[in-house]
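J.: Chains as they are written, first to last, in our numbering: chain Z, 1 to 353; chain X, 354 to 706; chain P, 707 to 1059; chain A, 1060 to 1412.
Calculated from the structure, these hints are not laboratory results.
Among the hints, a few may not be true.
Okay, derived cross-link-like pairs now, DSBU-like style, lysine-lysine, Cα gap no bigger than 30 Å in a straight line [to be verified]:
hint	chain 1	residue 1	chain 2	residue 2
1	Z	228	A	1287
2	A	1333	A	1262
3	Z	274	Z	228
4	P	909	X	581
5	P	934	P	909
Here the structure is a predicted model, which is why all the values come from computation and not from measurement.
There are 4 protein chains.
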Amino acid sequence: MGTSQKNTRMRSKNSFASDNTSTACPQVMDAVVAANSGIVQSYGDDEYSLRLQTTMSEIFETPVTVFPTVSGTASNALALSAITPSFGKIYCHGLAHINNDECGAPEFFSGGAKLVDVAGENGKFNAETLDATIDGRDVVHNSQPACVSITQACETGMVYQTHEITAIAATAHEHRLKVHMDGARFANALVTLDVSPAEMTWKSGVDVLSLGATKNGCLAAEAVVFFKPELVGQFSYLHKRAGQLLSKMRFVSAQLEAYVADDIWLRNAQHANKMAARLSAALAELPGIELAYPTQSNEVFVRLSDSVMRELRDGGFDVNVEELDGSAARFVTAWNTQESEVDELVKVACRTR
Amino acid sequence: MGTSQKNTRMRSKNSFASDNTSTACPQVMDAVVAANSGIVQSYGDDEYSLRLQTTMSEIFETPVTVFPTVSGTASNALALSAITPSFGKIYCHGLAHINNDECGAPEFFSGGAKLVDVAGENGKFNAETLDATIDGRDVVHNSQPACVSITQACETGMVYQTHEITAIAATAHEHRLKVHMDGARFANALVTLDVSPAEMTWKSGVDVLSLGATKNGCLAAEAVVFFKPELVGQFSYLHKRAGQLLSKMRFVSAQLEAYVADDIWLRNAQHANKMAARLSAALAELPGIELAYPTQSNEVFVRLSDSVMRELRDGGFDVNVEELDGSAARFVTAWNTQESEVDELVKVACRTR
Amino acid sequence: MGTSQKNTRMRSKNSFASDNTSTACPQVMDAVVAANSGIVQSYGDDEYSLRLQTTMSEIFETPVTVFPTVSGTASNALALSAITPSFGKIYCHGLAHINNDECGAPEFFSGGAKLVDVAGENGKFNAETLDATIDGRDVVHNSQPACVSITQACETGMVYQTHEITAIAATAHEHRLKVHMDGARFANALVTLDVSPAEMTWKSGVDVLSLGATKNGCLAAEAVVFFKPELVGQFSYLHKRAGQLLSKMRFVSAQLEAYVADDIWLRNAQHANKMAARLSAALAELPGIELAYPTQSNEVFVRLSDSVMRELRDGGFDVNVEELDGSAARFVTAWNTQESEVDELVKVACRTR
Amino acid sequence: MGTSQKNTRMRSKNSFASDNTSTACPQVMDAVVAANSGIVQSYGDDEYSLRLQTTMSEIFETPVTVFPTVSGTASNALALSAITPSFGKIYCHGLAHINNDECGAPEFFSGGAKLVDVAGENGKFNAETLDATIDGRDVVHNSQPACVSITQACETGMVYQTHEITAIAATAHEHRLKVHMDGARFANALVTLDVSPAEMTWKSGVDVLSLGATKNGCLAAEAVVFFKPELVGQFSYLHKRAGQLLSKMRFVSAQLEAYVADDIWLRNAQHANKMAARLSAALAELPGIELAYPTQSNEVFVRLSDSVMRELRDGGFDVNVEELDGSAARFVTAWNTQESEVDELVKVACRTR
């Protein structure tokens, strides 16, 4: 392990604000450093990017087509634009990141698609509600049903079970919709379900995946993964035109390669989830704190009494009441969250006792 | 200097295909490794990104607003979309990268702008031709003149003199056009002119700059630089929506900071230019080789006889006849091109003697 | 009155399907015929179009800027695109025509705006709910609040009172949103409220109006009306680029001129509303029929028992259960609906007694 | 013939400014008046619009799919957007209306397509030049070749011979491009060539036609005509979303039906062309006047000496030096231009003798 690891231990009290505030894990950083060698082709024709196709096909146990990107927003918006015409409807949960946190990127990349809320408890919707929500097919006055997008793990930190994904995808396909998965926290969901990447995606009916890696230990690495060659179409041009086909793509592909090698992604996610479980269990015991959602991945949502919130803020923690539902505070753990950090947060939250 | 430098020496015979095929320079890579430490705010609110505003304002000797990106295509398209309405005209040379090599990104990001060729020798146009080309102002049937874009150094490797930029910008401003500079090889032009960054930009009338850094020693780091606060407008939203506001932005900002520190960018560019000059001078002496354009930065364009081309290809060099003008072959030098590499290329090209 | 009137009496039993299925009124048709004379300037520089600015300014008792169009969809989408950036949010009722029946035109014309549902009973929302719904201002990850759109008369046929419009507009302006009114059935609402066009629009805080005329007696004539010169901006180019600046614009402007002359629009609307009131009152008395919404303009929404629906269909009426709320059937009256037609419909609906 | 004809005789001296300044012909106006009768389905499901499919299929001697519109700009932009992806290239002559006079509508409707000039004399290009211009296929950095558009009659008033169209279309198809014809003055070209509509379009390889009718005697009626069912795709939604699917579509379809009935369109065009020929022949004889292009349809382009131009202006003629090539003045004749008007123009132009 190289020198790149040395500084990743220092953490402030703001560690729980987001998994985006954390560093890259040493294995990924080492891979970036190692990739900084020799002349290679630019714009994704390098050996790292070419090899990534094979690696990901092995990971997903089927031939996939992978387009590395450096942004979750771009991944989602690009993937959606590949399966949605400019007059299309994208069905998603009202809390979905694509609906709330991407400044209209899906609308922009698709040329005007409409995001339609599918209602559901706890950030998840089910096949029945989706079925009841889809409308307007073949009516010239209506934006046309095009695809459904689920977030895994979803915005509340909860996870779709594979049978739930399967049911949603079956309903979608009956309605001739494509199925997109926003996998910003894909690995966190994977280790929760303890299933294979294949089982959580194409075997359950997912057509296109936005595979997140940045939050779970990369510097800036995401990927759009197509499970059906016929959906790729002319995606290369969309990818290039969006400025996501980097000139020195080796540095992104090398991250992704290291990320999935030796189960790094799974181990990172397992650790993050374990820290979230520890935090969740401890907070749930405290007075003035109520879990907003069951903790199923690396996000803990709690409703806090005013006094607990004051203590936490006085204690230096940056407690934001999430816009998610206007009342729950979010604490996110990462691949390198320390038990001691969790315990300190709990200790401060205890003070109001 | 860290371990990140160790592998940057190995080069294949394809070294001259593009400066995008080269590695990052050690100072930049070290900065990335160093940035991988501690919790910092995400999405550009980190200390690296905040500090970059100051650093760049010092570099440019005026308060600038900087938006880091990871793609030259996105930088250009975003910058242009900030100064061009969806029904606007962007005046540029017919050979311009924005016109030929970005798969329609400027049209896409702007929502439909039209790129209009301005004629000119050797990849450059002048103020008079621009003046004669601008038309349609206030005619409702015409896309509206909105901005002019010049590439510095331009696509033939030649460099606009500051008085030329000043004249073009003055003409543009007379016509109420904004002035954009595509600075993919900004540093290479800067050292050629031996002027300050301020002189080559806002002092000459440039309003918005796409500052390239990737080609000249970064991994993936570019920036949109606004010289006039009133032009920034709501650019933050365009930046975010395009997927160029990275969640772990520190890794981009750290590159840019290291890049301009200690004159790294200038030294990298000086070296690349020097190697190009050496190559150009040597090739110009050879039979069967003719310089297509004067060599003014780090690109050498030559017209080759069939036998020279054969020798080079047999010698393992990947000689592409550029699409630029259908006949000239391009050789690009980089921050780390070795004299020995130049000399070997020349030696092989000599064999037909 | 010319020959153009002669054929407007014949009506089938489908008369209540929509006000779009009716003819143009004789005064408007005569104006079109009269405009078919002499050479006039094209593309809106004709005397009819120029005069229309004055006429409309008189009608609205303030200097307005008017852009004639031929489509309500285009009117709305164009108007919204003038006051919404591509990353903007348009607040509207979930039932709004712009949200459901324009195949994504607002999203397309704006380059990706997001339509956000504001909840409310009976197709109307109020200022408080709007206030509570507006969010995301100045958050870079969110589409930005840009405007609010109300439909007058709204999709259930109900009408916003001027004090309701005033309150909504005040809330919108407090949040720096612009106020758009979709006036597809503007005249119908106007005569219901018995207020002036000025009172129902700019005096109540409306910034931009899509003035409908086609449904109420024109062939194909709508207009975008700006009440604030500073909002017009470069709308001319949007108008032209959308294909709504007709080459022989005289034929549209002449319709609009005739439409508002001699209170034709008010008289047409009064008649349509009166017929709707007659129908509504009669149907409300019948068993198996329940009014879905109070009848306030020229649309009657009723929930029908299966037997009533069967009778109506057997009787030759094209009863569509509206998609509006999945259960109510819509009957629309027009400027030329006859009492006898209303009475026949009621008679057939009575048969189940 | 109805009263609608009565006023079409009066003409000012500006008669030659454009064919858009003229009235509708009586047969078309009568059809509009006749269509103003009875209840019909809205949004193109009326009997007029349905019948139009058959009528046009007979006119073109093959089953066609027709979408009526009211704007040539919208027709062109919609047709092009059906055969061009958002990252596509549209090849056209530099003088093409779609390139110069539609305020970027093709770019807007397509979501960012690039118009590429194909060089050629007199406003026409040929197959060889097209072949040499097409480039970038399958290069991810380039906008992708998608279609070619020719204007018939073209912007100089000259007409493509069928063998020229056939050669261009064959070249286009070899390159996997679709072929669009901008037929703003379709009938004028048709009578010049004296061929059938089929011969000038699909039999020569045209895939999609923008059929103009407004200039040649309609009020506002154009159509997008697809000759290959497989190209129609989801055009209905594009058509609706653009605001070109009018609610009372009967009034557009009725115009088109009358326009092609009884050879009205051909007779109108023959007359206009004959008047242009008369004007052209007379002017060519005069000193200080030089034909800029051979007169082949209903447009006459002449270069005028200063004194002739002065006489014409003094004589009340609105002589605009066309932007077409910066020096030629355009005189356009219409379906109802009188011999006396032609002769008066010639007489005034003679005065400098």
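J.: Could you run down the list of hints and mark each one as holding or not?
T.: Tested hints:
Annotation: proposed proximity of residue 228 of chain Z to residue 1287 of chain A holds, straight-line Cα distance about 28 Å (limit 30 Å). At roughly 27 Å between alpha-carbon atoms, residue 1333 of chain A and residue 1262 of chain A fall within 30 Å of each other, so this suggested pair holds. Annotation: proposed proximity of residue 274 of chain Z to residue 228 of chain Z is violated, straight-line Cα distance about 34 Å (limit 30 Å). Proximity of residue 909 of chain P to residue 581 of chain X is assessed by CA-CA distance (about 38 Å); at most 30 Å being required, the pair is judged violated.
Under the criterion of a C-alpha separation no larger than 30 Å, the hint pairing residue 934 of chain P with residue 909 of chain P is consistent with the structure, at around 12 Å.
This entry does not satisfy hints 3 and 4, going by the numbered hints stated previously.
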